[in-house]
Amino acid sequence: MSSHAITVTINGRVYRATVPARMTLVDFLRDELRLTGTHVGCEHGVCGACSIMFEGRPIRSCLMFAAQADGASITTVEGLAPEPGGLSVLQDSFWETHALQCGYCTPGMLIAAHALLMRIPNPTDEEIREAISGNLCRCTGYKQIVDAVKLAAERLSGKNQNG
Amino acid sequence: MGEFALGQAVSRFEDPRLLRGGGRYVDDMVLPRMAFGHVLRSPHAHALIKSIDTTKAKAAPGVLAVLTGADWEASGWGDLPVPTGMKRRDGSPSYKPRYPALVSDRTRWVGDYVAFVVAETPHQAVDAAELINVDYEPLPAQVSTAGAVQPGATLVWADCPDNIAFVHLEGDKQATDAAFERATHIVKRSFTINRVTAATMEPRASIGDYNATEDRYTIYTTLQRTHSYRTELAQNVLKVPESKVRVVAGDIGGSFGMKSAVYNEPALVLLAAKVTGRPVKWVSTRSEAFLSDAQARDNVTEAELALDAEGKFLGLRVRTIANLGAYMQASSQVFVGNLGTLAGVYRTPSVHADVTAVFTHTNPVRPYRGNGRPEAAFVIERMVDCAAAELGIDPVELRRRNLIPPEAMPFKSGLTFTYDCGEFAKTLDMALKLAERESFPARRAEARKRGKLRGLGLSNTIERAAAPGFESAEIRFDRSGTVTLLSGSITQGQGHETIFKQILCDRFGIDPATVHYVQGDTDKIAIGEGTGGSRSATLGGSAVLAATDKIVAKASAIAARILNVQPGEISFADGIFSAKQTNRTLTIGDIAKESVNPRFLPEGMEPGLIATALYSAKVANYPNGAHICEIEIDEETGHVDVMRYSVVDDVGTVMNPLLLEGQISGGVVQGVGQALMEDIHFDTDGQLLTGSFMDYAMPRASDLSAIEIGSNPVPTKTNPMGVKGAGEAGNVGSLPAVANAVIDALSPFGIDAIEMPATPERIWRAINNARHGASR
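Line order of the protein sequences matches chains A and B.
Here my numbering is used: the first residue of the first sequence is 2, the next is one more, and so on.
Here my numbering is used: the first residue of the second sequence is 283, the next is one more, and so on.
Here are the simulated DMTMM-like cross-link-like pairs (lysine to aspartate or glutamate), alpha carbons at most 20 Å apart as the crow flies:
#1 Lys832/B / Asp872/B
#2 Lys151/A / Glu990/B
#3 Lys332/B / Asp417/B
#4 Lys715/B / Asp676/B
#5 Lys556/B / Glu514/B
#6 Lys151/A / Asp985/B
No lab work stands behind these hints, which were simulated from the structure alone.
The structure presented is a predicted model; accordingly, all values stated were derived computationally and were not measured.
Chain A with its partners taken away, still in its complex shape (with noise of 0.2 Å):
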């Protein structure tokens, strides 16, 4: 099987290596990269548990190969924070509000968020409901999190100075 040089730039930092065609970005993130923030939930790209930023576009990990990702710029979990050991507002909001409760599906769920509020920073419930439909959670019955990325959307164009 062929093998690809690749150089990505992943949570701002650059990385170089060889990869197998085969192998799928999450699986690179994850297992070669030690980034086990982003989880694989259905390797079929329907439950959105994978999800990064990808060029600034949310996108499914499981569904692309690694040796795609070649020049391309990625954010995942673990690069939300503005800084390490702290919380982005999108982050404060999911502790807040308990938007998260095993946590498996939540890394994907703060990307499909995280994207929504670059797309659109005063979301209807409407709008975040469908924003996140793309991602499966079975644990919280969506609520909490609707709630959170309210909140965040509040906080970050300053209507809530508590935030």
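Based on these hints, arrange chain B on the given structure of chain A.
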């Protein structure tokens, strides 16, 4: 009351780690020299294995071992645990099938375990498995639940001649039959409770490690109980002293009961680790999860409700055929422990249940959130609505006529349970108000103008939580005064760490950030029962509280020595130890530092501030609640929209409203999923047709409206904190509430039954048949 006191909406202490991607699930773990396993599964629901040729697979690149049923038989290890203790109708013991980790001669469901390949990489293991040549002789399969007991049904086990594993009878049959003799009305219905799967977002995973020099096994796996799991694994499977086995759980990405069994894979990775001398990891794909996870529910039920002329319930008779799947896993049978749910919140004097548990060529079935409770709640709450419709009584009014009043507590129900407390009428009234039922007719009329059929359904359910059992907690102060808190319980997302730290930190006034919480490792935790049956707050929480009591007692004695006063003169409040005679006060941390100083230790007292407590409860508690679901159906497509959902719950003392909301909301949505979209569906050959997230429809955020939650807490006196179980309550009430709403919406067409899940197709067909006559 401090900021972490019970009742405060404390954000979870486990969250920052999980939010930063710092979870440590089994698939995140890596051991040195780790190899990877892959299970070759049966493609047939029922087949003879005529031969297996592994020659090519063994020679494939990177392959370290290929295990088959013959290797399993030769290993000397025991089969997976199978429950006993049930009886067949003639009084003979329940049928006990063998449950080897790999089969040798015959496969019994699509997904059954044929071989296990171990290789240097996961891909090499998968590739090699494709080189195994299995000669199958496919045989007819028995798939349907009701069909399993029909004459001539294909047998799953040749020496179990009627496919019946056991029969469970519960309640006073004579009294129930007598009630039917004097009944004015008898309402009869049949229900199918469809099969669903837990579909935890984290698939199952295991890493087996064998240390040859210590002759000791370690299994890292996805589970919800460690110690009883270790007992079963050591005694049944490995046949070694339990001390030779360590069981470790990582973070668990949801379980809901599904991950509580000793599955085949832990046995396989351990055997493979022993054979190869390497740690071996197996991680389920989603496809495998559908093929190999234990599934849930799946019964067919006939129910009869007897009423007098005034609509008072006289008796309830229920006959159920429950599907166990091909094998019996440990706990597969325990759903019958929740049959008492059938009596509901009503004064019905006598209830009788007759359950026949059958084998089929399908995945094994085991507990899933509610474990028998939602099924039973569905039966009683649907029956009440059916009776209301037949008798022309408003369903709320019919419930009111039969509710158990608070002054009747403790109340021995018509089936097994004795309720200690609950305000069922008040809870119902609160839910009706929250749901604005009074103005529902206006909403229905308005919807009709838009071509929508609006329906409102309610349920008023009760369940048993924290069945008799125990849990452990240990508090360890170190020499500088910080704390490690250990629990025998295990979170799969519920938030045990937060609740337990709340109890600890509120009592001692310490900073939760400095408390290290440990769970899920049999080498670290002395003993424990684990999570299940809505028990952790009650049992695990009470154990933490009991351990703090021990610490307070010991710390008070040491404080007296430090402050040089009599032991009786020490008082403890808000985390501070003080004595009237002196203006000095001590924190628990101050005392911990001195607790190893012989100067301050009373005569005969062991040094150190360490306490273990085992809390055991002999009496369960009874969470209850009223659910009201309002839906709209598109008459042209049969599509259902959930417009409103209101719950008022009574889970006793509310420990953390934020977490409670999460439990209720998550449980409700799982119920909505089963009622409207989720379905494990096999074809008649036993092939799974809903084997991916493309086919198995789970609720997504866009499917749901917000859930409104209210609370009517009636603290129980059966445990020191007054809590009742909260983990399953949301699920228990939601199945019947949604089903009742669907039927209510369709009532203008005279439709009184829709099988779950009420998919658009089923609803559209029902409407179409009603319009054009059933012949179409």
